[in-house]
Structures are given as C-alpha cells and as structure tokens.
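The task is simple: from the sequences and hints, build the whole structure.
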Amino acid sequence: MSHVEEGTIQAWIDGELGDSDLSAVESHAASCAVCQAEVRSLHELSARSSDLLADYGDLPIADFGTLGQIRKRARRPRHLLPVSLARAAMLLFAFAGLVAATIPGSPLRRWIEGTVLDRSVEPAPGVVESPVATPQPTRRGGVFVRPERGEVTIRLNVAASSELMVRLVDGAEAGVVWSGPDAGVHTRQTAGLLEVSGLPGGLVTVTIPKSAIQARVEVGGQVWWVKSGSDVRIPGPARDERGDEVVFQPVG
Amino acid sequence: MDFDGLFQRLYPSLYRYLHRLTGDPDAAEDIAQESFVRLLKQRLPDDEVRPWLFTVATNLVRDRARKAERRQRLLTGAAPLVKPAALPDEDVERSERIQRVRIVLERMSDRDRKLLLMREEGFKYDEIAQVVGVAPASVGTLVARALRRFVEMFEREEAVDEPR
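In the order they appear, the protein sequences are chains U and S.
Counting along the first sequence from 1, when you hit position 108 you're at 108 in my numbering, and nothing is skipped either side.
Counting along the second sequence from 1, when you hit position 143 you're at 143 in my numbering, and nothing is skipped either side.
Read the hints as simulated data drawn from the structure, not as lab findings.
Please note that a few of the clues may not be correct.
[Unchecked claim] With the Cβ distance kept under 7 Å, some of the chain U side facing chain S (calculated, not the full set):
| # | residue |
| --- | --- |
| 1 | 4 |
| 2 | 7 |
| 3 | 49 |
| 4 | 55 |
| 5 | 57 |
| 6 | 67 |
[Said to hold, decoys possible] Across the chosen pairs, the derived CB separations fall in these ranges:
| # | chain 1 | residue 1 | chain 2 | residue 2 | range |
| --- | --- | --- | --- | --- | --- |
| 7 | S | 110 | U | 28 | 58 to 64 Å |
| 8 | U | 230 | S | 48 | 28 to 34 Å |
| 9 | U | 90 | S | 25 | 37 to 43 Å |
| 10 | U | 90 | S | 126 | 43 to 49 Å |
| 11 | U | 211 | S | 110 | 32 to 38 Å |
| 12 | S | 9 | U | 97 | 33 to 39 Å |
| 13 | U | 41 | S | 44 | 57 to 63 Å |
| 14 | S | 92 | U | 24 | 56 to 62 Å |
| 15 | U | 222 | S | 89 | 42 to 48 Å |
| 16 | S | 89 | U | 197 | 51 to 57 Å |
| 17 | U | 203 | S | 48 | 52 to 58 Å |
| 18 | U | 36 | S | 126 | 48 to 54 Å |
| 19 | U | 181 | S | 89 | 48 to 54 Å |
| 20 | S | 106 | U | 235 | 17 to 23 Å |
Built from N, CA and C at the ideal position, the CB exists for glycine as well.
Quick look at the structure:
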C-alpha cells in the first residue's frame, strides 16, 4: 500500500488540496496508522513553528506618518535631467578632462603625474607639509582635507592607549581630531590624502564626509575602514558599531 | 486601486515578513516603504497586489544583500539583542527565545527562510511558488522540510544554550 507523500499531507494541513485530492487523502488517512502519525507529526511541526515565530518580528501599526513618508518618497525626482542630456554632459566633461590632462603644467596633469603615475613633482599650490617639530592643525584641534574627486584616504600612526572612532558626517571635509596635546603630532596633506602620525593617547576621531565616494582609513599601514559608494567595510577590529559611527579597540 | 486601503491592510504584514527575513528592523522599514513607493506606479487588480508586493520586497532584500559585503550595524544584519539586566525571568526567556529564532532563521537557506515566513503570513502555495521561484507542485514538500529543519535547528540551539 502506498502512503500519502509528505508534501501532500503538508498541503492538506495548509488547505491547499483540491476537492478530489482532498477526499482521496482523507479516506486513505482514515485507515492508515502510518499516515496518521505523519499527519500528527507535521501538525505539531506547523504549530511549533508558528509558536516560535509569534514573538519574533514586530507587527507595526500602518499609521498615516508612514503613509506620508511613502508618498513623499514617491515624489522625489529620479532623474534631474533627461538621461540623454546627462550622458551628453558626461561625455563633454570627460573630453574636457582629456584635453586638460595633455596641457603641460595644468593642475589635472600635475595631479596625474603626482598620484597615478607616481612621479616626483612639487606639491601643487595649497598642499601643506608641516614641519617636523611644529605641526599646524587648522581648526578645532585637528587637521582636515577635502576629498579629491570623491576619494579620500586617512593614514594614521597612533600612540598606544589611543582609541579610534570613525564617523560619517554631512560636511565637505575629512578630518582627524584628537583630544591630547599637539606637540609631537606630524601631519601631511595632499589632494584627498591626510597623513597624521605621533598622535597622543586618548580618543582620536576621524570624520569622513558622507558624500565621499571612496574613502579609507589606514592605521599602522593596515586598512581599518573602507567606504565605497554607500557600502562600508570594516576590516579593522571594531569594538562597537552605532549608526554612522564605529569605534575601534584601543590601539597599541 | 485603493492605495490607502492596501497600505492599511498589507503594510504591517509586509514589514513583519521583512523584519523576520532580514533580522533588521530599519532595513525592513526601508524596503517595505520602497515596495509601496513602487506600488504607487502600478495598476494592478487587488488580488494581485499582495504577491506582487512581497515579490518586489523579497527582490529588494536580495539586491541589498548582494550590494553590501558587510553592514555598518551588526555583521549578520540584525540589531544586537540587548540582554535585559533586571527583567522578570519570563521576559528574559522570551528575549532569549527570540534571539535563538533569529539565529536559526539566519542559518537556514534563503529559500527555506522565505518559504517558512511567507507561509506564516498566510500566502497560498501558488503565491509562494511565484515569489520563491519554485514549481507550485513542490511547495508542500519544501514547506514540510523547511518546517522540520527550522524546529530541529531551534531545538539543537536550545540544547546548546541550556546550562549543564
């Protein structure tokens, strides 16, 4: 005698069987102890599963606030320009960049030679190299740099007993702010790159603008925090992660 | 299509499904809202809305998971459960049970998790088949096996945690 398949019993329990299958299963199960046991077992599993899931997952109220947010979100423009116009603008920009890169002495060419081709060039105007003995934090007890083409790298060598925090901020600059004295702190800034060493012990906060497309924080030559578009990876030893902040373990 | 009425009827269930699927209440809220935003642009018969909505939401979960290698909040995508310091034993037990359920759901295969949760939300087999991407005739068997795995994994997890 063939027994009812497990999938059919489950479909029976879930009310999914058509009339003809339903009567065939019911009449067989009425006289088959094996199938009755299987029915009981699957019933118990269904009940147990529902019971376990009952507490998990909130059932929110469908309030007007949420409905309002949905309608507002739907009104956000998806394209500020017609797509064809946007593409034309991008092509024009790329062509202009290509022309600028071929002109000797142009800022774009100097950047390419200085970073992509890694040739030694004099720093472009506006680059700050701080003297060894007297670093120059610009404001708020820290140093800041603007991302270059949406990219920014922060390189740190920090003292033992420092604690590192990385925060995403709404501003336009990436920065390193520390709580201890400035003496002994060395800084170097070029386009999109900020290097800080000799930081005192205590809390060191790195701020990265949310608008940065590519950003990384390196500590002691190792990558601890990486942003690429809207994704963030934390290869470093994160101790806690809250919202837009991540706090690393004490270093050293 | 009475959008406000559909929202009232379907949003709580969709949110709960997404919360259980992702373990992340913020992601659940964001994806639920985005799914309804997309629904605003559709003209669907009422009886097609629910499976359509859950399909879109499930695909958004998949797309989000593909993009992010690692979340900024907890690695597994769920908010960390704060163990209450001084709650009655019953609440502590409940909280621990929820934690175990979350862990077990995360360990299940993506397909099993969706099958289980959609069934729990009262979907019919042909709707489940459409969202999960399996043959309708196989749903009964797949659900039975998913239920078995879920309960067995939970009981194993419970046995590991029990004090010796």
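Out of the numbered hints, which ones does the structure contradict? Hint check: 1, 7, 12, 13, 14, 18 fail, others pass.
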